[in-house]
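Generate the whole structure from the sequences, applying the supplied hints.
Residue numbers (the working numbering), protein chains in the order written: chain G, 1 to 269; chain P, 270 to 538; chain R, 539 to 807.
Derived by calculation from the structure, the hints in this document are not laboratory data.
There may be inaccurate statements among the hints.
[What the hints assert, rightly or not] Not everything, but these chain G residues come out facing chain R in the computed CB check (under 10 Å):
1) 38
2) 53
3) 57
4) 236
5) 237
6) 241
7) 252
Where a beta carbon is used, it is the ideal one built from N, C-alpha and C, also for glycine.
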Amino acid sequence: MTRTPDHLLDLTCSALEEVRARTPLVQCITNSVVVNVTANSLLALGASAAMVDIPGEAGPFATVASGLLVNLGTPTSEQREAMLEAVAAASEAGTPWVLDPVAVGALPVRTALAGRLVDLGPTVVRGNASEILAVAGAGAGGRGVDASDGVESALPAARSLAERTGGVVAVSGPVDVVTDGRDVIRIANGHPLLTRITGGGCALGAVMAAFAAVDDDRFATTVAAITVYTVAAELAAARAAGPGSFGVEMLDALAAVDADTIRRLGMLS
Amino acid sequence: MTRTPDHLLDLTCSALEEVRARTPLVQCITNSVVVNVTANSLLALGASAAMVDIPGEAGPFATVASGLLVNLGTPTSEQREAMLEAVAAASEAGTPWVLDPVAVGALPVRTALAGRLVDLGPTVVRGNASEILAVAGAGAGGRGVDASDGVESALPAARSLAERTGGVVAVSGPVDVVTDGRDVIRIANGHPLLTRITGGGCALGAVMAAFAAVDDDRFATTVAAITVYTVAAELAAARAAGPGSFGVEMLDALAAVDADTIRRLGMLS
Amino acid sequence: MTRTPDHLLDLTCSALEEVRARTPLVQCITNSVVVNVTANSLLALGASAAMVDIPGEAGPFATVASGLLVNLGTPTSEQREAMLEAVAAASEAGTPWVLDPVAVGALPVRTALAGRLVDLGPTVVRGNASEILAVAGAGAGGRGVDASDGVESALPAARSLAERTGGVVAVSGPVDVVTDGRDVIRIANGHPLLTRITGGGCALGAVMAAFAAVDDDRFATTVAAITVYTVAAELAAARAAGPGSFGVEMLDALAAVDADTIRRLGMLS
Numbered sequence: 001m002t003r004t005p006d007h008l009l010d011l012t013c014s015a016l017e018e019v020r021a022r023t024p025l026v027q028c029i030t031n032s033v034v035v036n037v038t039a040n041s042l043l044a045l046g047a048s049a050a051m052v053d054i055p056g057e058a059g060p061f062a063t064v065a066s067g068l069l070v071n072l073g074t075p076t077s078e079q080r081e082a083m084l085e086a087v088a089a090a091s092e093a094g095t096p097w098v099l100d101p102v103a104v105g106a107l108p109v110r111t112a113l114a115g116r117l118v119d120l121g122p123t124v125v126r127g128n129a130s131e132i133l134a135v136a137g138a139g140a141g142g143r144g145v146d147a148s149d150g151v152e153s154a155l156p157a158a159r160s161l162a163e164r165t166g167g168v169v170a171v172s173g174p175v176d177v178v179t180d181g182r183d184v185i186r187i188a189n190g191h192p193l194l195t196r197i198t199g200g201g202c203a204l205g206a207v208m209a210a211f212a213a214v215d216d217d218r219f220a221t222t223v224a225a226i227t228v229y230t231v232a233a234e235l236a237a238a239r240a241a242g243p244g245s246f247g248v249e250m251l252d253a254l255a256a257v258d259a260d261t262i263r264r265l266g267m268l269s
Numbered sequence: 270m271t272r273t274p275d276h277l278l279d280l281t282c283s284a285l286e287e288v289r290a291r292t293p294l295v296q297c298i299t300n301s302v303v304v305n306v307t308a309n310s311l312l313a314l315g316a317s318a319a320m321v322d323i324p325g326e327a328g329p330f331a332t333v334a335s336g337l338l339v340n341l342g343t344p345t346s347e348q349r350e351a352m353l354e355a356v357a358a359a360s361e362a363g364t365p366w367v368l369d370p371v372a373v374g375a376l377p378v379r380t381a382l383a384g385r386l387v388d389l390g391p392t393v394v395r396g397n398a399s400e401i402l403a404v405a406g407a408g409a410g411g412r413g414v415d416a417s418d419g420v421e422s423a424l425p426a427a428r429s430l431a432e433r434t435g436g437v438v439a440v441s442g443p444v445d446v447v448t449d450g451r452d453v454i455r456i457a458n459g460h461p462l463l464t465r466i467t468g469g470g471c472a473l474g475a476v477m478a479a480f481a482a483v484d485d486d487r488f489a490t491t492v493a494a495i496t497v498y499t500v501a502a503e504l505a506a507a508r509a510a511g512p513g514s515f516g517v518e519m520l521d522a523l524a525a526v527d528a529d530t531i532r533r534l535g536m537l538s
Numbered sequence: 539m540t541r542t543p544d545h546l547l548d549l550t551c552s553a554l555e556e557v558r559a560r561t562p563l564v565q566c567i568t569n570s571v572v573v574n575v576t577a578n579s580l581l582a583l584g585a586s587a588a589m590v591d592i593p594g595e596a597g598p599f600a601t602v603a604s605g606l607l608v609n610l611g612t613p614t615s616e617q618r619e620a621m622l623e624a625v626a627a628a629s630e631a632g633t634p635w636v637l638d639p640v641a642v643g644a645l646p647v648r649t650a651l652a653g654r655l656v657d658l659g660p661t662v663v664r665g666n667a668s669e670i671l672a673v674a675g676a677g678a679g680g681r682g683v684d685a686s687d688g689v690e691s692a693l694p695a696a697r698s699l700a701e702r703t704g705g706v707v708a709v710s711g712p713v714d715v716v717t718d719g720r721d722v723i724r725i726a727n728g729h730p731l732l733t734r735i736t737g738g739g740c741a742l743g744a745v746m747a748a749f750a751a752v753d754d755d756r757f758a759t760t761v762a763a764i765t766v767y768t769v770a771a772e773l774a775a776a777r778a779a780g781p782g783s784f785g786v787e788m789l790d791a792l793a794a795v796d797a798d799t800i801r802r803l804g805m806l807s
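Have a look at this one:
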């Protein structure tokens with residue numbers, strides 16, 4: 001593997017500087033619960049955010065956006081239509097897009113939609129182990145999903161999903177795993193408080209889209225997004241008294257985290 | 270009355286421990302303003318949250334959720350359909366559900382919907398005095414609602430509403446009142462800052478659904494939810510400099526509040 | 539010009555006291571990203587908020603609300619219908635209303651809607667330079683919009699827009715400009731952190747509606763809203779460590795800011 005952990009840590013630092021220099025504009029079609037924290041996470045990081053999620057606007061905007069996030073958390077009928085419109089436009093324009101298949105496998109409407117979206121070739125798919133297993137199995141007729149699935153147990157499914165989409169798949173958990181079907185990298189940063197606030201994972205999907213906008217090596221930019229985000233979470237947790245203050249500190253940390261800190265704390269393997 | 274204030278304070282403490290031990294999954298169909306703080310309040314407390322609020326998913330999910338919140342704050346047409354679907358499924362599956370009739374009486378679409386929902390027998394109805402008066406009067410052809418209605422003046426309506434639904438009714442105010450049509454308990458905890466942030470009451474509805482999931486005595490679990498929530502508000506207010514920091518401290522306090530503090534500060538009568 | 543900066547600063551202080559004394563109820567039809575922070579900003583300031591944004595309710599409510607905000611950030615089809623219904627009712631009832639044409643010019647659905655809304659005579663139009671240029675040009679067949687347009691370069695368009703609507707136009711930027719087509723006032727308060735959180739501008743639109751409710755001189759109330767809001771931003775920035783804590787401090791500052799501070803820090807010219 002040419003992309004060693006050390007090399008990827010270097011790329012992470014330079015990608016963070018690129019994001020802040022270029023302020024990529026990320027179009028987010030995301031759920032009502034996390035839409036505010038997602039926009040604020042992008043702004044804190046140094047990127048830009050636009051929640052353009054209605055039919056008739058989502059497509060045109062996806063051709064000019066730097067990146068696109070499609071998150072299936074609370075998919076109204078207008079959003080579902082907007083997602084398909086935006087993804088079609090993004091594909092044609094070459095805009096990188098991230099699919100976050102929230103609760104896919106457990107709920108029917110989004111599971112059907114996720115099947116269609118996966119066929120359109122997401123640049124990155126990001127989910128927890130259960131979601132990745134469900135998405136990977138969807139094409140094969142569906143398979144059981146267990147919310148307690150471990151990250152490592154989802155790795156074969158993640159690999160085959162990446163081969164199928166031609167993109168990158170990231171599995172979130174205590175240790176995050178990223179694969180492009182060939183290489184595999186693990187990131188051991190983060191903090192349990194990320195699971196005690198809503199949007200901990202959803203905002204990361206938007207951050208992945210911001211990073212994907214600054215470099216064509218999307219395996220590297222996905223690793224970079226996770227590393228920056230989870231190192232920021234460690235900084236935030238060190239200053240937080242509970243989940244409320246953690247959410248506030250997380251935004252401050254996304255704005256403050258720098259290359260030196262990432263080099264010092266990043267745990268890639 | 271067998272359920273004395275002292276006994277209910279004991280039940281409150283054990284119910285809090287049960288919530289944290291079992292992490293009940295609360296399905297929320299709620300308004301766009303408070304959806305984030307509602308999810309974060311549940312997570313901070315130690316419960317789990319899922320905002321499954323579209324037709325085709327709301328029903329199936331209500332059969333597996335531990336509890337359901339139906340909040341009428343910003344009821345889009347898809348949400349209204351999802352609410353009826355979820356409540357039908359919850360009723361059949363025995364999932365406890367909380368109705369929060371936000372601004373019912375003053376606005377026509379939600380008032381009509383609330384009438385239908387009340388007929389389906391909510392486990393708990395939670396509102397301010399004006400909302401409870403409006404909901405209680407809906408079946409009798411509607412009655413005037415005054416935003417300045419006092420909690421005590423709504424007690425007869427609350428009692429008759431509880432008799433009609435066969436459930437529990439909670440009236441929020443400086444002193445909260447809970448009744449099952451027979452017994453009445455007052456909880457004198459809380460802080461005026463709860464009225465200076467949005468979602469102060471709405472998130473409590475979700476917390477009631479979490480508590481309802483851990484014990485079949487819903488009079489007791491409703492008292493428990495209010496007591497835990499309003500004692501947490503007192504802890505938060507003591508550390509807050511204004512409404513912004515109060516919102517943050519409230520989440521930290523929901524995570525930190527424990528049985529000893531509740532026993533010391535709880536003011537049930 | 540009879541309304542000198544000194545006189546307007548006096549009016550700002552008295553308008554703030556009026557808002558807190560009367561707690562005007564502001565109906566907000568606004569985007570999903572900022573709906574929470576908008577409600578919290580109004581509550582922190584001392585006003586009241588109600589997000590009544592569905593057809594069948596938006597109209598009736600606009601006749602009893604003290605003010606109305608129409609923000610085009612994420613305009614679903616139901617919201618678009620509700621906006622037209624609410625504006626018609628507000629116009630008939632004499633309820634002041636603020637139009638915030640988010641991203642108009644760049645996106646087709648909202649641009650068409652903004653054209654219709656402008657013809658209905660908004661009491662105040664609030665936007666950045668690009669948005670004001672787009673809205674002002676819409677009646678003339680559209681014109682190019684550049685996100686880097688400066689506030690001063692938009693002043694002629696703002697003047698002509700104000701003449702057309704018969705209302706007030708406010709252009710946001712490092713220095714805010716307000717005009718009624720005749721007089722022009724500049725407010726040099728604020729802080730760059732306002733651009734690092736989402737809703738920094740959107741919540742200001744709601745605050746303008748709250749101030750418009752307490753005095754018929756809407757040029758003065760718009761200046762007042764901007765001055766109070768941007769002075770509060772300076773207080774918040776002085777205590778913030780980053781964008782997350784700035785958002786929290788902003789709400790605390792909106793609750794705490796008083797006439798003395800505004801008189802001391804307000805930079806009107």
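Now for the hints, and whether the structure bears them out:
no. : hint : verdict
1   : 38   : 8 Å, holds
2   : 53   : 6 Å, holds
3   : 57   : 5 Å, holds
4   : 236  : 8 Å, holds
5   : 237  : 13 Å, violated
6   : 241  : 13 Å, violated
7   : 252  : 3 Å, holds
Checked against the numbered hints given earlier, this structure breaks hints 5 and 6; the rest are met.
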